[in-house]
Amino acid sequence: MEGVPKATQGPSTNFSGTVWVTMLVGPNTETDCIVSSVAFEQKARTFWHTHPNGQLLVVTKGTGFYQEKGKPARVIREGESVTIPPQVEHWHGAGPNGQFTHTAINPNVSKGGAVKWLQAVTDEEYKAAR
Numbered sequence: 001m002e003g004v005p006k007a008t009q010g011p012s013t014n015f016s017g018t019v020w021v022t023m024l025v026g027p028n029t030e031t032d033c034i035v036s037s038v039a040f041e042q043k044a045r046t047f048w049h050t051h052p053n054g055q056l057l058v059v060t061k062g063t064g065f066y067q068e069k070g071k072p073a074r075v076i077r078e079g080e081s082v083t084i085p086p087q088v089e090h091w092h093g094a095g096p097n098g099q100f101t102h103t104a105i106n107p108n109v110s111k112g113g114a115v116k117w118l119q120a121v122t123d124e125e126y127k128a129a130r
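In terms of my numbering, the sequence shown is residues 1 to 130.
It is possible that part of the hints are untrue.
Okay, derived cross-link-like pairs now, PhoX-like style, lysine-lysine, Cα gap no bigger than 20 angstroms in a straight line [unchecked claim]:
1. 6 with 71
2. 43 with 61
3. 69 with 43
4. 43 with 111
5. 61 with 6
6. 116 with 69
7. 69 with 127
No wet-lab data here; the hints were simulated from the structure.
Computed from a prediction, not measured in an experiment: that's the story for all the values here.
All chains should be built: construct the whole structure from the sequences, respecting the hints.
Next up, the structure:
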């Protein structure tokens, strides 16, 4: 029997604020996907990034933001999901008043990897998300 997955702190090269990532399903030949639980402390967020094969987010706790480049931010809440098309530049993270957790599903990782990290979301961009 495998042990319980352990959370690791998300690196400051990919996240602003305190973020904990728990790998639930690592890359393997059977599923060809990566599934992670990502927990954001208040105001924490990803950098701008893309996924070569898209991504599915399922919000499991709290309220957060999702924003695609050039579009208004969207509030996302527990129980909601977001389907992110391939190569769409975006960010997601916690709102200003509490924690936020989602499950991230990255498909077809053998065909291009899971993520391409870009620049940080500025404080001005984050504040405009409200």
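Hints versus structure:
| no. | hint | result |
| --- | --- | --- |
| 1 | 6 with 71 | violated (35 angstroms) |
| 2 | 43 with 61 | holds (14 angstroms) |
| 3 | 69 with 43 | holds (19 angstroms) |
| 4 | 43 with 111 | violated (33 angstroms) |
| 5 | 61 with 6 | holds (18 angstroms) |
| 6 | 116 with 69 | holds (15 angstroms) |
| 7 | 69 with 127 | holds (15 angstroms) |
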